[in-house]
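**Q** Model the placement of chains X, B and U with the ligands on the given structure of chain Y, informed by the hints.
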Amino acid sequence: MEEAVDISVDFAGIRLANPVFTASGTCGYADELADFTDVNALGGFITKSITLKPKKGNATPRIVETDSGMLNAIGWANIGLDKFIEEKLPIIEKMSAAVFVNVAGESIDEYAAVAEHLAGEAAIAGFELNISCPNVAKGGITFGTDAVQVTEITSAVKKAAGEKILMVKLSPNVTDISVIARAAVEAGADALSLVNTFTAMVIDIETGKPVLANKTGGLSGPAIKPIAVYLVNKVYNEVAKNRGIPILGSGGIRTASDAVEFIIAGATAVAVGTANFIEPGCAAKIVEGIKKYCVRKKITNIKELTGSLGIG
Amino acid sequence: MEEAVDISVDFAGIRLANPVFTASGTCGYADELADFTDVNALGGFITKSITLKPKKGNATPRIVETDSGMLNAIGWANIGLDKFIEEKLPIIEKMSAAVFVNVAGESIDEYAAVAEHLAGEAAIAGFELNISCPNVAKGGITFGTDAVQVTEITSAVKKAAGEKILMVKLSPNVTDISVIARAAVEAGADALSLVNTFTAMVIDIETGKPVLANKTGGLSGPAIKPIAVYLVNKVYNEVAKNRGIPILGSGGIRTASDAVEFIIAGATAVAVGTANFIEPGCAAKIVEGIKKYCVRKKITNIKELTGSLGIG
Amino acid sequence: MAKNHSAANRGPFNAVISANKQIGQRFYRLSLGFESAGAKAFAKLKPGQFAQLDLADTPLPPSKDIPEDLVDAARRKILLRRPFSFSDVINKDRKTLVDILYRVVGPATLRMTTLSAGDSVNIIGPLGNGFWVPRGKKQALLVTGGMGAGPLLHLAKVLTADHHGIEAIAFAGAKTEKELPFEGQLDEISQELGFSLAEFARYGVESLVATDDGSAGFAGPVTDCFSEWLGRAGLAGKDMIIYSCGPEQMLAKVAEIAEKRNIDCQLSMERMMACGIGICQSCAVECKVNGSSETVYKMCCEDGPVFDAKEIVFSS
Amino acid sequence: MAKNHSAANRGPFNAVISANKQIGQRFYRLSLGFESAGAKAFAKLKPGQFAQLDLADTPLPPSKDIPEDLVDAARRKILLRRPFSFSDVINKDRKTLVDILYRVVGPATLRMTTLSAGDSVNIIGPLGNGFWVPRGKKQALLVTGGMGAGPLLHLAKVLTADHHGIEAIAFAGAKTEKELPFEGQLDEISQELGFSLAEFARYGVESLVATDDGSAGFAGPVTDCFSEWLGRAGLAGKDMIIYSCGPEQMLAKVAEIAEKRNIDCQLSMERMMACGIGICQSCAVECKVNGSSETVYKMCCEDGPVFDAKEIVFSS
Ligand SMILES: Cc1cc2nc3c(=O)[nH]c(=O)nc-3n(C[C@H](O)[C@H](O)[C@H](O)COP(=O)(O)OP(=O)(O)OC[C@H]3O[C@@H](n4cnc5c(N)ncnc54)[C@H](O)[C@@H]3O)c2cc1C
Ligand SMILES: Cc1cc2nc3c(=O)[nH]c(=O)nc-3n(C[C@H](O)[C@H](O)[C@H](O)COP(=O)(O)OP(=O)(O)OC[C@H]3O[C@@H](n4cnc5c(N)ncnc54)[C@H](O)[C@@H]3O)c2cc1C
Ligand SMILES: Cc1cc2nc3c(=O)[nH]c(=O)nc-3n(C[C@H](O)[C@H](O)[C@H](O)COP(=O)(O)O)c2cc1C
Ligand SMILES: Cc1cc2nc3c(=O)[nH]c(=O)nc-3n(C[C@H](O)[C@H](O)[C@H](O)COP(=O)(O)O)c2cc1C
Ligand code: FES
Ligand code: FES
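Those protein sequence lines, which keep their order, are chains Y, X, B and U.
First residue of the first sequence: 188, per our numbering; consecutive thereafter.
First residue of the second sequence: 188, per our numbering; consecutive thereafter.
First residue of the third sequence: 150, per our numbering; consecutive thereafter.
First residue of the fourth sequence: 150, per our numbering; consecutive thereafter.
Bound conformation, chain Y alone (with noise of 0.2 Å):
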């Protein structure tokens, strides 16, 4: 019974055996999840976000909890792109996932010299734009927010990205995502990954500050969902549908009930961010939870059910 579905998804170009990633920053850089789950099991997999130069990241604390969230603001924090290549890249050879490197960076040259040091590396399927951080004072969500800075660091990071697939990372703290997607789309984009974190602030109230050491941090996990599932649906309406751009949804899934909403809503595949710390090996029962979906709705293709919710 269960061979009959076919889980496999054309993302972009290129064909990934099921559309479940990990999320960039939730997965490390390769291998580090292996302890706990099959990293091979996975659909794609986003490695933590690379900038040219390592990066020491923000002060502690860097976390805090929230009602059915997190904050986070680690700031970047990563071992820079030469680190990368040398210890990370021969480990990424060896998976079978498509890998995305998300690429940060301060400047419009510094995304772009990332993804063009990477863009002859048989072992990377592509890259993800993160434009839409918001940990970080230069850069990130400054970019991301404004569809003339989208259009271009999209072109130009499209220029220096060859043949890879660029997939760009969306913000959802802006008046209209649809207008920051279809910049990225006429710029270049192959693809487009949704959504990032919303900047939000816990305040301990015994001190007086911010709990985080950055004071303000990007909210994820289950109290997202909701907003994410609507943006995803709104941007697949908008912009993705008609220019056959796939989508990466994210956003607090945790189940596979979770990533078949997004899939419903418009995503191709679907990013599991937050809920690998609280169980590392939850990517794969996903994949493995979208199957039994598939099987019990009579679905043989899971492309029948993207975008089926067919509203707006």
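By construction, these hints were calculated from the structure, which means they are not laboratory data.
Beta carbons are placed, not taken as given, at the ideal position from N, Cα and C, and that holds for glycine.
Keep in mind that a hint or two might mislead.
Here are the simulated DSS-like pairs of lysine-lysine, each with C-alpha atoms no more than 27 Å apart in a straight line [unchecked claim]:
1. 459/U to 195/U
2. 484/Y to 213/B
3. 213/U to 479/X
4. 485/X to 402/Y
To be clear about the criterion: a stretch of chain X counts as covered by chain Y if any three or more of its residues have a C-beta under 8 Å from a C-beta of chain Y, and this derived list gives those stretches [to be verified]:
5. 253 to 259
6. 356 to 362
7. 389 to 398
8. 412 to 426
9. 444 to 451
Some chain U residues close to chain B (C-beta under 10 Å, calculated; not the full set) [as the list claims (entries may be wrong)]:
10. 205
11. 206
12. 208
13. 211
14. 224
15. 226
16. 227
17. 263
18. 265
19. 271
20. 405
**A** Just chains X, B and U with the ligands now, with coordinates in the frame of chain Y:
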């Protein structure tokens, strides 16, 4: 000991016994919560959105629960201005809390008409302008996300409102809430209320359809609290503080600790919404809890607390 | 329709669980006791009234006891209270004991199964308006679908106790025999008289059983069984009244039958409820306006949950 | 520093509670047992290693048992796992039994108090690197603050069992006598030798007690007590080692004392942790880079939680 604490606040020129309101749409038109709590223990009270003519509202389901939150798409269902004046004003006259009428409409004229009709009513302290409701096809959020329109509608209603306090309720669904806040204040808003709900969607994976008849709804409850605290702090720092404009903070408040967080972030007063459904007496409890907090922290006047975060 | 007047104390009260008995695969009967103010408030509970239970901090069952189809739903943390009506009320020694029949369908009802004697649960109620008995009725026809049996059991008790002139008969439907929310054995009396469902029989009320799959009693929807029975008995008219509670599609069918035969009919409706106390407007029920083609939304929690069948505009 | 090598099975495992004993006003000792793979993984648990407990679905205590200062915090639903280290490990009959000493400070530790024998809890671990024993040490000085006692009790046991050449002495501090996380009575031996804290004494380790308010033992911070003791004993140098666990301010003071007297020192650090397994980067500890004024962030969960005191850059 307790007598030494003054938690009364000056709110746009009027004195409130304490900084706790119940939020529009979550406490009826007047004394509907009276069976469950002492409504006179509240500092302020905001009616359900009132439109010129009665409104039926959306089809059901109008709500759905999410992780630590809920979506609503009531659609401004209300008894209309005439019936409000006839049936509810006489009750409001007997209430000791400062009563604000939440005004909504499909056109600037409709908003202004409602305010004009009520501007002479002594029982009413002011208006809360709902330009941020995500659940109606016309009006509502379209006004709230565009600074030019916010200016227009605020000026028009300001004129209609006469001597009454005009509070503008901001939508969080924008790229930069300070831009909208500034537009409202410059057009005559005496106070700002934030946040309204976040546009969101829940899909029933069994039927493949949105749970809500209206398809999308507004997310409220503890899930949104950290985003709301951030937005209150941002508007406080960037707009309200220097102009001496009070903020009514809301979004997921359920306990006195939550209320204190908003006050430290910059709210002069707070509004309790969704929590009324679960614990209809919670607003009165929050008043007591704020007092206790002040005693414990040796704060003699709550003013010392407002905006004390002092960052940014 | 007697309106639930304000200034009544409707809680929140703490009730203490006295039993929580599994009576079917996914059916339970929760028995709760109120004291002092809560006892006073619930002592006069009318059949069809309901209450809002706070189950947010009630623990989940251990994961091995969570049915596979509810594993994902069980992850959701509960925020809102949940509405339940009652199948029985007993006043004893200044205490008020009430029973809730419930079915496990999601995170809250899953949590409910872990309540055990001595635990307490926070309750707002009684809420809404119950069934009422118009003058001059001689026969009451109780049509239940699935969990809808609860309030009609309570009604059967009240009819027997307080309305001696009225004879009641129950029509109890479910998908399969296993999903009939009754504990006792199904003893068939005769094809005509149907079954002696202990729960109804103790009030002297005979019952006919229908299951969609024919595993017990009439094979088919309970509304077909009911309609056939009415046809056989050739009954209609103004000394009868139909009371019904169950899935909305079933209620629509019951309303249709009642209209055709010109029988008074009261239906207990369900809606997703945030507050249960008339302040959130989430529980709208579309109702006809007398003598007009217009409709209005009434609130299931405050104006209902029991409505005159003639009022209701069914959606499908 | 032995690194916790990959490819080890670190769970998630289910552990079964064997006891959860209240040993002070807000202190408890939770005893858990692992079988099969979990038992194997935890059998070699080193003092100072920790684990991540999933307490999201563990019920809250009844509201009357929630201390007033935690009532608001208790409303928060838990999402993330919580890190705890261990005060004891026993391998018996293919089972591994571990103890956690914990203090009730928020929603997760509040929920933890309701665990009782037979319940199970989902655990990822063992995680991080424990304390290590460099060659040539003759005397180990264990300095604990509050809950920090846990891993140092475990260390005392291991030192006694596996490192016969090393003599250990403990310095246990807390705000008040009531907040000392020990069960036994405080039996004063002599002013010099301090107390016989049963928990340390059973490993042949003497202990000195300090309380901020002087309600037991030395009146003042445990670091003052420790420093005075070092002064009296006139001890310093390379055959000693200090192990410490407690609040960060205390650790900073211990590090200072160690540096001044040129004694090796290992500190168990705490950070807010999302994952505990090295993937989220939330648990950064600022560390000096050898021979440079630069600093790097190491991960408390993977590179620690035990660090060489010389590495740490304390923030205040
Ligand atoms: C006035 C009233 C009286 C009720 N009496 C009883 C009773 O006596 N026994 C009993 O078992 N149940 C009763 N219910 C239904 C009960 O409230 C729901 O089963 C319960 O809220 C489900 O909670 P959950 O978290 O387990 O599942 P959820 O995940 O909340 O819901 C599971 C499914 O049930 C549907 N549902 C949930 N709540 C409602 C609702 N209020 N109306 C319609 N559909 C809903 C949802 O759409 C979903 O598909 C009553 C409802 C109302 C409005
Ligand atoms: C490696 C490690 C080992 C630990 N071992 C133990 C132990 O053996 N016994 C014990 O009682 N506790 C231990 N802790 C601390 C324990 O993890 C926290 O007390 C627990 O997470 C609090 O959860 P809560 O929900 O009850 O409180 P929360 O509301 O989460 O926290 C309450 C207060 O404690 C602070 N806090 C919470 N978690 C941490 C943390 N990880 N680091 C620093 N401050 C924190 C918060 O800032 C807050 O002020 C350890 C922590 C770490 C990192
Ligand atoms: C601790 C943490 C670190 C993250 N780091 C990154 C990052 O480096 N780059 C990035 O694009 N997104 C980062 N994210 C965002 C996630 O990839 C994801 O978009 C977001 O968390 C929403 O999904 P979730 O709710 O499933 O976590 C991070 C999220 C978390 C919680
Ligand atoms: C059921 C419901 C109905 C609401 N109706 C209105 C309304 O009519 N007008 C309005 O301005 N806000 C309305 N709101 C928004 C609330 O006033 C409040 O701004 C929001 O819910 C955030 O606060 P909370 O998280 O405490 O609920 C409504 C919210 C809910 C949950
Ligand atoms: S449930 Fe809130 S009005 Fe009915
Ligand atoms: S807690 Fe995630 S890296 Fe340490």
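**Q** All hints are to be evaluated individually against the structure, with a verdict given for each.
**A** Each hint, compared with the structure:
For the proposed pair residue 459/U and residue 195/U, the alpha carbon gap of about 22 Å is at most 27 Å, so the pair holds. Between residue 484/Y and residue 213/B the alpha-carbon distance is near 24 Å, which keeps this suggested pair within the 27 Å criterion. Pair hint residue 213/U plus residue 479/X holds up; C-alpha atoms about 19 Å apart against a cutoff of 27 Å. Under the criterion of a C-alpha separation no larger than 27 Å, the hint pairing residue 485/X with residue 402/Y is consistent with the structure, at around 25 Å.
Remark: the stretch 253 to 259 of chain X is confirmed as covered by chain Y, as 5 of its residues place a Cβ nearer than 8 Å to a Cβ of that chain, reaching the required three. Only residues whose C-beta sits within less than 8 Å of a C-beta in chain Y count toward coverage, and the stretch 356 to 362 of chain X has 3 of them, enough to reach three; the restraint holds. Three residues within the 8 Å Cβ limit are the bar, and the stretch 389 to 398 of chain X against chain Y gives 6, so the coverage statement holds. For the stretch 412 to 426 of chain X, the stated coverage by chain Y holds: 6 residues have a C-beta nearer than 8 Å to a C-beta of that chain, and at least 3 were required.
Using a Cβ-Cβ cut-off of 8 Å, 4 residues of the stretch 444 to 451 of chain X lie near chain Y, which meets the minimum of three, so the contact claim holds. For residue 205/U, the shortest C-beta to C-beta distance to chain B is roughly 8 Å, which falls under 10 Å, so the interface hint holds. Satisfaction of the interface hint for residue 206/U is found here, the shortest Cβ-Cβ separation to chain B being roughly 5 Å, below the 10 Å cut-off. Because the beta carbon of residue 208/U sits about 4 Å from the nearest beta carbon in chain B, less than 10 Å, this interface hint is met.
For residue 211/U, the suggested interface contact is upheld, since its CB lies about 7 Å from the closest CB of chain B, less than 10 Å. Restraint check, residue 224/U versus chain B: the minimum CB separation of about 9 Å is within 10 Å; hint holds. Hint on residue 226/U holds. Least Cβ distance to chain B is approximately 4 Å, under the 10 Å limit. Taking 10 Å as the C-beta contact cut-off toward chain B, the hint placing residue 227/U at the interface holds, the least distance being around 9 Å.
Checking residue 263/U against chain B by beta carbon gives a least distance of about 8 Å; that is within 10 Å, so the hint holds. Against a cut-off of 10 Å between C-beta atoms, the interface hint on residue 265/U is violated, since the closest Cβ of chain B lies about 12 Å away. The criterion of a C-beta within 10 Å of any C-beta in chain B is met by residue 271/U, whose closest approach is roughly 9 Å, and the hint holds. Of the supplied interface hints, the one on residue 405/U is violated, with its beta-carbon coming no nearer than about 44 Å to a beta-carbon of chain B, more than 10 Å.
The structure fails to meet hints 18, 20 from the earlier list, while all remaining hints are met.
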